[in-house]
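> Working from the sequences, and respecting the hints, build out all of it.
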Amino acid sequence: MINRGFKILQNRPGYSVAGLFIIVFGYFLLKTLMPSWPELLGHIIEAQRYFHKLLSTHIKAVANNTDTYGLTLLAVSFAYGVFHAAGPGHGKAIIITYLASQKESMKQGVAISLIASLFQSLIAIGLISFLVMILNLKFRDVTQTGQQVEQIGYILVILLGVFLAFRALLNLFRSQADRKTVEHQHDEHCNHSYIPDKKLTRMKMLGVALSMGMRPCSGAILVLIYAQVINVYWYGVLATLAIGAGTGMTLAALAVASVFARNWLHGLFQGSRASGHHIMRVSEFIALAGGFVLMFLGWSLYSMAAQVVQSHPLL
Amino acid sequence: MLFKKSLIRILLLASVSAQLLAHPHTWINLQSTFVLNEKFELTEIKQQWQFDEYYSAMFISDMLNEYGADRDLAFALAGENMVDSLLDYQYFSSLSVDQAGISIGQPSEYKLFSVVIDGADILTMTMTFSVSLKPNIKLSNIEWSVYDPTYYVAMEHNELANLVIQNGEKSGCVPKMNRPEPSEETIAYASSLDKTQTETQGLGVLFAETVRFGCL
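Just so you know, the sequences run in chain order F and D. At position 15 of the first sequence (counting the first as 1) the number is 15 in our numbering, and the numbers step up by one without a gap. At position 75 of the second sequence (counting the first as 1) the number is 75 in our numbering, and the numbers step up by one without a gap.
Simulated from the structure, these hints should not be mistaken for lab results. Using N, Cα and C, we set each Cβ at its ideal position, and we do this for glycine too. Among the hints, erroneous ones may be present.
Claimed, not checked - Here are the simulated lysine to any residue pairs, SDA-like style, with alpha carbons at most 20 Å apart:
(1) Lys60(F) - Ile117(D)
(2) Lys138(F) - Gln310(F)
(3) Lys53(F) - Val164(D)
As the list claims (entries may be wrong) - Coverage of chain D stretches by chain F, computed from C-beta distances (three or more under 8 Å per stretch; other residues unrestricted):
(4) 14-24
(5) 82-91
(6) 150-164
Written as structure tokens, this is what we have:
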């Protein structure tokens with residue numbers, strides 16, 4: 001089986017390494033998570049409920065006794081942020097897919113995570129402050145607007161996927177053309193495409209951070225509105241920033257882990273005959289797959305949100 | 001072939017997981033009371049919905065802004081509104097007798113109010129539905145479930161104490177709560193939501209409780 005795999009690898013390294021990457025990951029995912037995954041989901045949702053309750057209890061406590069409970073609220077919020085990013089946080093799937101499939105460095109991954117989390121907190125704070133304090137909207141309308149902003153975030157995820165896939169395809173065609181002219185001469189020309197285009201990368205990074213952070217964390221919106229109702233809005237703002245800090249740290253850790261995993265897999269094949277052009281082609285194939293996964297995730301989240309926004313009697 | 005299949009499985013699982021983890025936004029604690037007559041026929045189902053602290057705080061604050069500071073009047077008006085808007089969704093409730101769905105119609109009585117729990121005003125709604133078919137609880141296979149198909153709201157009885165059979169002492173029947181264990185099949189079922197858009201399918205079904213009765 002493994003021997004056969006390597007034979008295929010030698011003949012058509014591009015396809016097979018990309019395929020193998022997905023198979024290895026997919027296999028591990030299926031094998032370890034599949035049987036207990038739904039149960040795990042249930043536990044995560046249960047934990048989320050617990051955290052929501054804990055947060056509301058602490059906000060209430062702050063309203064009654066600011067000095068004593070202020071710091072505890074921040075600690076609970078930070079913990080909620082850590083949990084949220086590790087469990088129900090949406091940004092996680094996006095950053096893992098993005099970093100596993102792109103050529104970004106660890107530093108960039110960490111930067112994206114932190115920017116996205118900060119941005120997410122600021123969006124929530126800005127949105128609630130503007131809608132409630134300035135426009136004096138009903139909380140119900142604020143919640144609805146939050147849902148709509150969330151939808152925009154999902155569209156951004158789809159667009160990011162389209163962009164990444166398109167770029168990967170373009171690079172593949174380009175390398176195909178290259179290959180015809182410099183048939184397997186592994187000179188410096190070969191590595192040309194390796195040098196990341198700084199400008200594009202920065203744009204891309206911002207795009208990823210935006211599409212991850214555009215969605216205001218629903219927990220943060222709840223906290224802000226609740227704090228406003230019981231007249232401790234500024235503590236709500238601080239709590240939201242603490243949630244963002246917790247989310248950012250966890251996401252950054254995940255980013256580091258996915259870059260490690262990606263490099264490790266790359267390293268596995270670097271030693272084999274597949275090198276130079278082949279490795280580049282492989283990473284483009286992985287990027288292409290990553291783009292498609294992002295499109296798919298974005299679409300499924302969008303369609304779900306759309307259904308709630310269209311009609312929900314309690315929204 | 002195997003590769004393609006597992007890829008599809010992963011994608012399905014990933015998408016449903018991502019959707020699930022973006023939800024729920026609101027929780028409702030449920031209580032269902034099944035009223036029997038002396039012939040052990042199910043004549044009424046009384047429901048109590050208790051919203052979470054966030055939804056309660058938001059709702060009550062909005063309500064007082066909209067309908068004025070007279071709380072009783074405000075609750076009456078907002079309650080009417082809420083019951084009206086739930087009509088199209090059959091109050092998220094479904095009753096079936098011997099596998100056949102039975103319409104519960106509109107509530108014969110309802111009330112929206114608040115109770116103070118742990119120092120917080122908790123929004124609470126009660127609704128009473130009459131069951132015209134009057135199935136015998138000992139002879140029929142009765143199933144009751146309350147859930148939001150979109151899973152925007154998680155609705156749960158949480159514990160058996162929230163299921164009550166009124167006048168049921170002599171019937172020898174006890175309520176049983178079944179929580180589905182989401183499997184790959186149900187996940188695939190839930191993810192078919194986008195294609196069909198029917199009311200009964202959706203994420204909520206993955207965690208929907210079903211109440212049945214066990215009789216001596």
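> Next step is simple, just say for each hint if it's right about the structure.
Hints, verified against the model:
About 12 Å separates the Cα atoms of Lys60(F) and Ile117(D), which keeps this hinted pair within 20 Å; it holds. Among the hinted pairs, Lys138(F) with Gln310(F) is consistent with the structure: their alpha-carbon atoms are about 19 Å apart, no more than 20 Å. About 26 Å separates the Cα atoms of Lys53(F) and Val164(D), which puts this hinted pair outside 20 Å; it is violated. Under the rule that three or more residues need a Cβ within less than 8 Å of chain F, the assignment of the stretch 14-24 of chain D holds, with 11 such residues.
Figure legend: the stretch 82-91 of chain D, annotated as covered by chain F; annotation consistent (5 residues with Cβ-Cβ distances under 8 Å, at least 3 required). Given a C-beta distance limit of less than 8 Å, the hint that chain F covers the stretch 150-164 of chain D holds, as 4 residues qualify and 3 suffice.
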